[in-house]
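Peer 1: In case you want the letters, here they are:
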Amino acid sequence: MKYEPLKAPEGDLRDHLIVIGNGMAGCRAVEELLARDPARYRVTIFGAEPRVNYNRIMLSPVLAGEKTFEEIVLNGHDWYADHGITLLSGDPVVAIDREARTVTSRSGLTLHYDRLLIATGSDPFIIPVPGHDLPGVVSFRDMHDVEAMLAAADRGGSAVVIGGGLLGLEAAHGLSLRGMKVTVLHLMPTLMERQLDEAAGWLLKTALEARGQTILTGADTAALVGDGRVEGVRLKDGTEIAADLVVMAVGIRPSVALARQAGLEVGRGIRVDDHMVTSDPAILAVGECVEHDGQVYGLVAPLWDMCRALADGLVEAPSGYRPAPTSTKLKVAGLDVFSAGDFSGGGGAEDIVLRDAARGIYKRVVVRDDRIVGAVLYGDTADGNWYFDLLKRGTSVADIRDALIFGQAFASGGGQTDPKAAVAALSDDAEICGCNGVSKGRVLACIDGGAHGLDSVRAGCKASASCGSCTGIVESLLALRLGSEVEAGPKTMCKCTSFGHDDVRREIVAQAMRSIPEVMQKLHWSTPDGCSSCRPALNYYLLCALPGEYVDDQQSRFVNERMHANIQKDGTYSVVPRMWGGLTNPRELRAIADVVEKFNAPMVKVTGGQRLDIFGIKKEDLPAVWADLNAAGMVSGHAYGKSLRTVKTCVGSEWCRFGTQDSTGLGVKIERATWGSWMPHKFKIAVSGCPRNCAEATIKDFGVVCVDSGYELHVGGNGGIKVRATDLLCKVATEAEAMEMCAAFIQLYREEARYLERTAPWIERVGLDYVQSRLLPDAEARGDLARRFWFSQQFMQDDPWAARAAGADREQHAPMARFTPAEAMA
Amino acid sequence: MTGEWLDIGWAEEIPLRGARTISVEGGDDIAVFRTGEDRVFALLDRCPHKHGRLSQGIVHGGAVACPLHNWRISLATGEALGEDKGCTPTVPVKISGGRVLVCRAGLMRAAA
Chain Z
1 MKYEPLKAPE GDLRDHLIVI GNGMAGCRAV EELLARDPAR YRVTIFGAEP
51 RVNYNRIMLS PVLAGEKTFE EIVLNGHDWY ADHGITLLSG DPVVAIDREA
101 RTVTSRSGLT LHYDRLLIAT GSDPFIIPVP GHDLPGVVSF RDMHDVEAML
151 AAADRGGSAV VIGGGLLGLE AAHGLSLRGM KVTVLHLMPT LMERQLDEAA
201 GWLLKTALEA RGQTILTGAD TAALVGDGRV EGVRLKDGTE IAADLVVMAV
251 GIRPSVALAR QAGLEVGRGI RVDDHMVTSD PAILAVGECV EHDGQVYGLV
301 APLWDMCRAL ADGLVEAPSG YRPAPTSTKL KVAGLDVFSA GDFSGGGGAE
351 DIVLRDAARG IYKRVVVRDD RIVGAVLYGD TADGNWYFDL LKRGTSVADI
401 RDALIFGQAF ASGGGQTDPK AAVAALSDDA EICGCNGVSK GRVLACIDGG
451 AHGLDSVRAG CKASASCGSC TGIVESLLAL RLGSEVEAGP KTMCKCTSFG
501 HDDVRREIVA QAMRSIPEVM QKLHWSTPDG CSSCRPALNY YLLCALPGEY
551 VDDQQSRFVN ERMHANIQKD GTYSVVPRMW GGLTNPRELR AIADVVEKFN
601 APMVKVTGGQ RLDIFGIKKE DLPAVWADLN AAGMVSGHAY GKSLRTVKTC
651 VGSEWCRFGT QDSTGLGVKI ERATWGSWMP HKFKIAVSGC PRNCAEATIK
701 DFGVVCVDSG YELHVGGNGG IKVRATDLLC KVATEAEAME MCAAFIQLYR
751 EEARYLERTA PWIERVGLDY VQSRLLPDAE ARGDLARRFW FSQQFMQDDP
801 WAARAAGADR EQHAPMARFT PAEAMA
Chain U
1 MTGEWLDIGW AEEIPLRGAR TISVEGGDDI AVFRTGEDRV FALLDRCPHK
51 HGRLSQGIVH GGAVACPLHN WRISLATGEA LGEDKGCTPT VPVKISGGRV
101 LVCRAGLMRA AA
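Chains as they are written, first to last, in UniProt numbering: chain Z, 1 to 826; chain U, 1 to 112.
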């Protein structure tokens with residue numbers, strides 16, 4: 001895409017800076033330059049990929065389904081436009097003419113530069129074994145690779161990932177989540193051997209195997225086999241592993257072809273000095289394509305430092321790049337792995353090790369001359385930043401050595417963990433956000449500059465905007481700086497967790513979690529057993545994710561759902577039996593009348609949902625009331641639940657002179673199909689027999705309005721505090737189609753809305769277009785949703801009253817002991 | 001003459017993270033709670049706010065959330081937590097040999 005005229009605008013005499021590479025390094029360098037002197041250069045960026053600048057290290061979460069591409073974009077089109085930057089994407093530079101100071105792109109465009117910045121990054125290393133060029137063999141480097149992997153995962157089958165390093169394991173994790181059977185082949189005996197020692201590598205291997213991946217270490221690939229398309233991998237020991245997809249993630253190599261062709265000095269990478277200048281003073285290079293002082297780099301942190309040094313040089317305030325130790329984190333949900341510095345041991349290095357097998361924790365800090373030189377943390381990485389900060393600063397740990405391994409809170413005195421004190425103690429240049437290279441000082445400056453909430457900090461300096469693992473630290477910094485002035489974001493589920501509803505739901509499914517304690521353990525809940533906000537939500541999410549398997553946790557239900565009746569202000573309950581479609585008969589009415597008299601119910605009321613509500617029933621009497629109602633054929637009306645409430649109907653074509661269809665009959669059918677289902681919030685349905693809409697279908701969660709030619713289906717209505725009329729979802733011709741669409745809509749809502757979010761705010765949040773896109777164009781996808789609902793329903797349509805009337809959970813209704821005043825006083 | 005403690009039943013009869021009640025004829029119920037850490041507490045079954053039945057609330061940590069308006073009440077002290085102000089009488093309770101024992105005097109005072 002071309003945004004700006006390619007010739008300098010008339011009168012623009014600024015030097016022209018051309019950047020080859022639209023990746024993380026190239027764009028970051030330009031950002032750093034703009035931050036120093038926004039007007040100094042006219043900037044043009046060439047990108048090989050046909051995209052805007054995105055965060056390459058977040059490709060793993062995209063593969064794993066935790067992020068979308070849009071969420072990992074670092075700079076969208078407006079950034080280029082706002083800064084007058086010309087972006088030429090999808091058009092790689094193919095030649096540099098240093099004499100003429102021009103570059104030429106594949107499309108034949110030749111542009112003159114004053115300064116040239118090469119940021120071509122690296123290329124994935126492809127092992128030159130037979131079959132490496134077969135279709136179905138991909139690397140894991142860019143969005144194109146991710147798309148290829150996603151397409152393969154859609155077809156299912158098995159995948160082999162060659163390479164058990166950071167990238168390979170993240171690829172394996174993503175493909176495994178996407179439903180593929182994954183085998184990881186690693187040449188070395190230990191996974192991630194460059195970042196982990198043997199003990200942590202073993203723990204990691206065990207954890208991945210427990211998730212269903214096959215991990216083969218010491219596995220040397222001999223050939224990729226297949227006829228016209230990859231079908232398997234053959235190892236040197238003769239083993240063959242079937243594969244529909246092979247991902248090569250064995251390493252990267254600096255991309256130097258262009259520089260070499262231009263005659264620049266090239267070793268393993270493009271050689272640069274401390275100011276990122278190549279052997280040609282007009283040409284700079286930065287990122288994974290460079291070699292500095294004999295070193296090449298593949299991690300993101302040094303790249304940020306290089307960009308700072310480069311920008312300082314470009315504005316003639318040279319600072320110089322000095323390599324610093326690096327740290328890494330594995331981005332695999334639920335597996336916390338951190339390593340930093342040198343942990344090879346030897347040469348006077350001493351190890352301090354903590355193992356807690358039961359909790360799956362392994363920590364190792366390597367100390368030399370009273371200073372930390374390396375750290376490996378597995379299972380509990382909370383103190384990673386602290387160790388890394390001590391390491392980078394070269395702080396003496398002589399005084400805290402005894403307590404060092406127990407972490408910052410303990411070593412700084414006091415057994416209490418105070419995250420704020422821990423964060424306050426970090427130095428200003430301590431790195432907070434590893435994904436975006438943001439230091440504590442920069443976060444504080446951003447807060448001081450007016451960012452008073454998590455969202456504005458994320459927007460302002462990008463801290464915690466990518467993987468989110470540093471969210472807690474950023475929140476602590478906000479609290480430190482602003483106290484109670486922090487703007488609350490609607491982000492987290494409750495105070496027990498730093499995760500939002502969507503994150504929690506995603507992880508429950510991704511990690512196949514099966515119980516509330518497991519969710520709290522794996523997602524690091526800060527309270528022992530949650531609170532009255534998160535427990536009901538988690539109970540629902542698990543119930544929705546595991547129909548027929550999850551055992552409902554009664555103690556995580558609100559009282560009404562535990563007692564299957566509505567608590568009233570005096571502590572008694574009201575009871576609403578179901579009346580299908582609002583229909584009743586003499587037998588039911590007699591039974592209700594009898595109950596009212598027998599239990600001295602002080603009031604009976606006709607509800608808005610076309611049924612009868614019996615008030616003033618004591619907790620102890622509920623089972624007997626239900627037994628009497630059951631005997632007349634009535635079941636629970638779920639008037640108390642985050643569940644299907646009623647299906648309101650009008651009399652329709654059977655009686656009404658305006659009726660166009662059998663609205664009463666359809667309402668009964670819909671209620672019979674949907675009753676008993678638990679939902680994120682209460683859910684009301686209505687069916688009107690003609691557009692006069694006597695059943696008020698257009699203020700219901702799902703409303704049907706019958707017309708001569710079929711059925712209009714409406715969604716997202718609400719008659720509560722904020723009245724909202726429905727949106728028209730679609731029109732269908734038959735009852736069967738209406739029933740299917742109803743089931744599919746309910747299931748979409750059940751699976752994707754947040755707990756306690758009615759359909760109205762949910763639709764306003766995600767958009768009607770989105771809901772339609774999930775339900776209308778793809779009949780198969782709609783059918784899948786409906787089938788999931790019906791599958792779940794077979795476990796839900798047990799009348800909870802019948803079980804209680806028969807004696808289940810008897811203790812919930814009876815006191816544990818009774819005393820007379822005499823007994824109590826005796 | 002029985003002792004100062006009244007035996008009300010086995011601790012297991014109270015659900016973990018749940019509650020049961022003791023009724024005293026003519027007085028308010030007493031709620032007996034069992035926390036996730038298997039500790040037992042007893043309070044008058046009446047929220048200081050609008051008299052909600054605390055025995056019907058969600059028990060979490062060392063607190064219970066009232067079912068009517070979600071006030072959080074400390075099980076140990078009966079005090080409302082957070083911004084809310086108010087206090088529910090506590091009743092001394094202990095476990096001995098797996099049996100739950102409630103202090104007779106406490107029961108009287110609370111239920112009076």
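Any given hint could be a false lead.
[Unchecked claim] Away from chain Z, derived, C-beta distances all over 12 Å, residues of chain U: (1) Ala-19; (2) Gly-36; (3) Gly-52; (4) Ala-65; (5) Cys-66; (6) Pro-67; (7) Ala-76; (8) Thr-77; (9) Glu-79; (10) Lys-85; (11) Pro-89; (12) Lys-94; (13) Ser-96; (14) Gly-98.
[Unchecked claim] Calculated cross-link-like contacts (lysine-lysine; reagent style DSSO-like; alpha-carbon spacing at most 27 Å): (15) Lys-598(Z) <-> Lys-569(Z); (16) Lys-495(Z) <-> Lys-522(Z); (17) Lys-569(Z) <-> Lys-420(Z); (18) Lys-495(Z) <-> Lys-94(U); (19) Lys-569(Z) <-> Lys-618(Z); (20) Lys-569(Z) <-> Lys-85(U); (21) Lys-722(Z) <-> Lys-569(Z); (22) Lys-618(Z) <-> Lys-598(Z); (23) Lys-329(Z) <-> Lys-236(Z); (24) Lys-618(Z) <-> Lys-682(Z); (25) Lys-329(Z) <-> Lys-181(Z); (26) Lys-605(Z) <-> Lys-85(U); (27) Lys-618(Z) <-> Lys-50(U); (28) Lys-50(U) <-> Lys-495(Z); (29) Lys-669(Z) <-> Lys-731(Z); (30) Lys-605(Z) <-> Lys-722(Z); (31) Lys-50(U) <-> Lys-569(Z); (32) Lys-598(Z) <-> Lys-67(Z); (33) Lys-605(Z) <-> Lys-669(Z); (34) Lys-682(Z) <-> Lys-85(U).
[Stated by the list, open to error] So the derived label-pair ranges between C-beta atoms look like this: (35) Ala-425(Z) <-> Glu-25(U): 58 to 64 Å; (36) Glu-25(U) <-> Gly-360(Z): 52 to 58 Å; (37) Gly-86(U) <-> Arg-818(Z): 23 to 29 Å; (38) Phe-406(Z) <-> Arg-109(U): 57 to 63 Å; (39) Gly-86(U) <-> His-83(Z): 54 to 60 Å; (40) Asp-784(Z) <-> Asp-38(U): 26 to 32 Å.
Rather than coming from a laboratory, the hints here were simulated on the basis of the structure.
From the three backbone atoms N, C-alpha and C, an ideal C-beta is built for every residue, glycine too.
Peer 1: Hints broken by the structure, by number, lowest first?
Peer 2: Going through the list in order, the structure violates hints 1, 2, 3, 4, 5, 6, 17, 18, 23, 26, 32, 34, 38, 40 and respects the others.
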